[in-house]
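**Q** Chains as they are written, first to last, in the working numbering: chain A, 1 to 668; chain B, 1 to 303.
Hints may be right or wrong, so weigh each one.
As the list claims (entries may be wrong) - Over 12 Å on every C-beta distance to chain A, these chain B residues come out as not near it, computed from the model: (1) Phe10; (2) Pro13; (3) Asp59; (4) Tyr76; (5) Arg107; (6) Leu138.
What the hints assert, rightly or not - Label-pair restraints from in silico Cβ distances: (7) Gln26(A) - Ser17(B): 46 to 56 Å; (8) Glu198(B) - Ile53(A): 33 to 43 Å; (9) Leu59(A) - Glu198(B): 36 to 46 Å.
Calculated directly from the structure, the hints in this document are not laboratory data.
Just so it is clear, the structure is predicted and the values come from calculations on it, not from any experiment.
The beta carbon of each residue, even a glycine, is placed where N, CA and C say it ideally should be.
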Amino acid sequence: MSFLQPAMLWALPIIALPIVIHLINQRRYRTIEWAAMTFLLAATTMSRGYARIRQWLILAMRTLAIAGLIFAISRPLASGWLRLAAPGTVDTTIILLDTSPSMQQQGNRAGVTKLDAARTQLIQSLQLIHSNHWVVIDSATLQPVEIESPGVLDSLVPAQSNSTSADIPGMLQSAYEYLRDNRPSQTEIWICSDLRQNDWDAESARWKVLRDAFLEAPTPTRFHLLAYGDGAGGNRSIRLTSAETRETMSGRELLISFVVRQSESEKTTLPVRLELAGGISEIPVELTGKETELVDYAIPLEGDQLKRGWGRLTIPADGNVADNEFYFVFDEPPPRQTLIVSDNEDSVRSLKLAAEISPEINTQAAVTVLTPQQAETADWDQVALLLWQAELPDDSRRPLVQSVIDRGGRVIFFPPEGGRSGEFAGLSWGDWHEEPEGFQTVSWRQDQDVLANVRSGEALPVNELGIRRYRTIEGEQSRLATLDSGDALLSRAITSQRNIYFCGTRATDDHSTLARNGIVLYAVIQRALAEGAESLAAARQVVAGSVDGVQAERWQRLSSDETAVSTRYRFHAGAYEEDERLYAVNRSVEEDRPLIVDPERMAGLFQGLQFDRVDEQIGEDNALLREIWATFLFLMLLALIVEAALSIPRRRIAQAGVNPAFAREVPA
Amino acid sequence: MSISGPQRSFLDPQVLSRLSSIPLFSRRAMVGNVSGIHSSPHRGSSVEFAEYRKYVPGDDLRRLDWRAYGRSDRYYVKEFEADTNLRCCLILDTSGSMNFGSTGVTRLEYARRIAGSLAHIAIRQGDAVGLTCISDKLVRTIPPRRTPSHLRGIFDILEHAEAGGDTRLVERLHELAETIPQRAMVVLISDLFVPPAELREAFDHLRFRKHDVVVFHLLDPLELSFEFQRPMRFLDMEGGTSIFAEPNEIADRYQKALQAYLEEMKAVVLGSEVDYHRIRLDSDYEQVLQNFLAMRARTKGAR
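Chain B on its own, in the form it takes in the complex (with noise of 0.2 Å):
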């Protein structure tokens, strides 16, 4: 498959070709339309062996054991795990904030990379893609399809979206909870600059929906050192107050809320068993996603 279309700025064809080799797994059995590679919560044809269950009147008689009824004289049916392909829904945050980049790539445009790379990957092999970009109400929203052609009204979404408005990651996320069916993959790509005991609700809701949930925390160099040689006007880029600031001065406390935030956002996650990545925007995102889809391999399988 080819990436059809023109070219893209966030994808990199040689990322993405070096990226196909690893498949995209999910977390826990999904609910799909049409056979694929994630395991699924029912009984179905694959190779791989479930269960013996005592056969019942109205069972196909094909799928009798005739071996274990040879060696134990009883009726035995012998069920196969079912495998499908899976519904990968891409959140993107496109408030305000994620127009901050201070190394040269804006969060937006790193988010970018990353819904593109996976939108790709997860179209290739058959998976059901949709994208919603949200900021203070559902901004652009496309559902998940599998078919390629998809894969472009995908990429022309995250081309074309842009960063604006406020923060209502919370609501939007409640709200997309409802709407998704339930059983697929939920990746948020955002800096979640909202209170985390916030988010725990809303985190709490989408697993309450059985989706497995991703979430990638894109997060700037310079806001994690916070290191200023002079004094600074902030804006806020979501409209609020600007402050004026001696940064050395309050570099320590800055740091010191800083720190309370990832501490609880790390509880927060760990409660509602998110699959979290904080990122720094200056880390190469293909080993980003590399290591994000070398650790769903090694944990595939969970029904």
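Bound conformation, chain A alone (with noise of 0.2 Å):
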């Protein structure tokens, strides 16, 4: 419980006073010389159980109507926040709202999101509280925005529902960061989230660095979690795997593949509404278990809309609107232009025959070696893998490479013979090492990035790889295979985009097997070149959030939520268009997995920290906290009536009938 008005607690000792009094008066006694002991001693010595009872029971229900009225006019609140700071210390008041996808769906009460339900509480709650500041951060910008009162929550356009995944320890770091700028002296965090594991990443290491840098603040702060676990059920979402056009004998076609899931194994026929340049269609969906996918669903395209377009599935409403609807955009596959940088052309024409030839019938790649100082003249706009064995680019060719990366294409680096000097994104060249047997590949990353699993779980064959001869990679990186020496044989440099890699042997016998043995070396350029030649597609599937800011400035709304604003298009779900380049943004696919952190988990997440967490309850009053004053004051005249009862004299036994004058008892 807290209060309003906690300054009234310090008359809190008064409540004492009644007891005070009691021993005042037991100290005033006077003495006086007494005939009639007998009676006196008669009353002492007759039972005193129910008057001792009786005096402590006045004493109590006196200190008990002081210490109503005190709290009453302290103002106390009522909430299950039940260690809830006093209120009238708070110098800041931060709400983490999470604004994400999973945060749509309909709560306890029917018609009302988890969203909807957040706001209404926290207006309602958090007006009672008197704060210095109040401080939105969303969980789309993370970014801290300063409120007069929570009241403006229900307009604040960054309390708005979105398509963004939330990153819950992104927005505490947002936090901390507003709080060891700003210095306030008493903070409070309140962060609304419906507490799904990947908005909140609880495994991640961010979390210990949050927890000591909260901890080793100089100002406590207090943690307030409002959870929305369990919502609504019968939820089904839609989710496009793939939509690419190809040409037929009939005429150019779209192929779309995409997911149905639900929540519960419901046998039924799903109308899969496809909305596409202009038109409505409907693809009956019939639903077995848990997840349906429909692959290459064939789509005739027609008219202007025969290369490029953008399109959007729906399914009907249910328990969450937002992942009930999945845009997509289409366009020719782009070139796959890969460019070579080799002082040899002998040594890299196993990276070229690897870069060169497509996995797909349709796909064109193309192959440009160039010489360090012929480099200048490739077409660098078109260049979607570039391949650098040579010395790092000096400072003249540095900002062509650099101007590959900063587009999203891929760069990878292979040793040369010499030149030490130098670095790129962080990382240079060592020394040469050399083993006649072959070094062995005993470790590298199977999840992720370019030496991932295959589709079918298998793992590629990076272990049987001999490595002869191979140059260490120094710098701070990220390695994505490790030789039996302990050096790195493929390292991707720390940026943020991601896309540059070194690569510590060559694909030249006397190197490594990496082209006898050629299918790492394939999956690895094909790889980096798919990931490189989607930067230069012209229709591109974006997850919400993920791109950058100043990017999506240009972007003019194809079809979206009509509620979104221009300066945050690349967190809704919508088409977009910026130039001749098409965007569709879309919730993560993580959203479609309804994981929950555990509440166990959850509080280990804060150990250490001052925490309090209140879950919403089925029929639960919509107010996180009450007034409760009036309960107080009721208490109050309680005590007083009960007081009053227990004071009202006892009747009094009729005094001896004594005739004043005189008194005849007994008849002559």
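With the hints as a guide, bring both chains together as one complex.
**A** Okay, here's the thing in structure tokens:
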């Protein structure tokens, strides 16, 4: 319980007043010489149990009455936040609002989403609390926004729902940075979330860093978690897995593949609505289990929409409207242009072959091999993959390489024979190491990046490679493959775009079996090429929130939520256009996995911090906080009534019937 | 008759003057040594006819009723009531508790007024008056005499009587019942703070000795009301332990105990045929005595 006027609680010692008065009264006794001791002794030796209890009860009731009055004027608040800080001392209140799609799931009350319920409860409750500063951090931008009062949450743009997954550690990091910069005296952080695992990233090492940072903060911070765990059941979601065009005998057609997931296995036919080029069609999908996938559903393209366009898949409304639609854009596949820069063309023949042979018939791949001196002559704007097997770019060529990197293309550096000088993206080449028997690869990242397992789940035969000669990679790096000598075979530079790789050996027989055992090399090159080509594609499927803000500034809306403002297009699902490029923004795939962080794990994240959690319960009053001074006033009145009832003098036994003047008791 | 000697604080001549118009009568026959206004158990020569009885040889012939003889031809002797004086024994309780008084007058002072006034009235009408002061023992005693000079001695004792010591009222009453000759008026002035059951035996003893027992039970208004505004420490006036109490808390139980005592006392005095008067110290003693004497006058004549 907390109080709006906690200063009044300083008056609490007054509750001892009745006891003090009682004690003073006891001390104010008078001494009298008394004759009728017989009756006095009889009176004092009679049963005193009730009298004593009554006396204590009266004292207790008086004390309770005063306590009730003091509590009432302190304006107590009732809530599940039993350990809420004294609101009068709060300097800054930071609200971390999870606006991810999962928060649009309907809560326990029909028609009200979790986000709506959270906003309403925050408005109703926090308005009772006095705070000098109010700050909102939304899960999309992670930017702290100062607001005048919690009452504006309903109309605040960052507090509106969007399609971006939340990053709770990131939000806390942002909150911490705000606190570090502004240094408020007493801070409370209110977190409203549905506890999705992908939002909380509970396994992340960032939590420990954050916890330590908050623990070491000069002023204490109190955390309140408003959890909206389980919502309404019966939810279905739709997700497009691919959309591509192809030429057929009858003309051009669009092939779409999508997955429909449902929370409960129900056998039914779901009408999936497809909106394409202004036309709407319906695709009946037979749902059999929890997940139904429709692969390569062909839609003939006619008219102007022959080459490129956008579309939207929707399913009927259910428990969560945010996952009922999925946007897509399509265009002709981009050319897969690879640029190989090497002093010796022979030494990169294997690389050229690996890049040249496209895995798909329709996809064209082109490879250009140039020496470093000729590099400037290449068409750098069309390069999807840059393979650099020469001394690291000097200042004259660095901007060219950087342009590929900035655009999203991929760069893989292979070791030159000499040239230890220079570095790129924090990495540089070290010494050569040789082993005629060959080094073996002992570990590699199989879960992601270019060495990840294939779709069937099988691992690439990286361990079968024999490395006879390699060069160490020096600098801060993310190792993707490690040799038994302890050095890295393949590493990724630690950059924001994660698209710069260093391979420690060459694809020649005197260096390694990369060329001879071409599976690994081919997979790495083609994967890098495919991802690099994505940056050149005119139609891109992006996850909400993943696009840089500067890049999204020029987006024009083709179709999206009408409430989305232009500066926040990148956070809202929709189809957008920038110059000749199309963008389809959708929620991340993790949003379709309703996994919740368990309470113990959650408590562990805030271990050592002042942390409270309240879960929204079915049928619970909407308000988190409620003034309950009336209850205390009622208790005070009740105590006073009881006290009065106890204090009423017991019916006095009629005094001895003595006639004031004379009483004759015995007739003569 | 005038009150000789120095002015007594407990005597008001005007009150005595007003009370002197009402004689003090006994409720039962008294045995005196001179003639007086009280009935005697013996036949005498008063003007009040008592009965006829047959003449027996030896009877005084002057007392033969010749008219009766003329009518009935039989000898009858006419007998008359005898009138005598009485012996009034005043018993004054001078135990420590008699020193209590919340109205400005102590119980002892009030007792002095009653005793002094009664002594004056009795002497004035020719009755003999004696005084005994008792506490845990017989403090002072003066036998009944009817001379006016004896009155001064009684007043002196009253004036110098002081309250103190424990109460052994019952023992002293038994003692006095034996020592006072039969058929006397015994006037007890006390607070009677003893168990009524024990007191009953003493009263019965006095009744057995054919005494006319009068009791003036003096109670202070504070003792009856027991109204205090603050916690009190009660010191026993007769040397017992002190008691600390919150009067408001125990008032009901005090009243209960007092009520039981008074009820029991009432039963005792009714059973012992004691002329019992419960008196508050804030009442006018003149009025008390006036009522007492008037009631006595109405019930005069029992033999």
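**Q** Of the numbered hints stated earlier in the document, which are not met by this structure?
**A** The structure breaks only hint 5.
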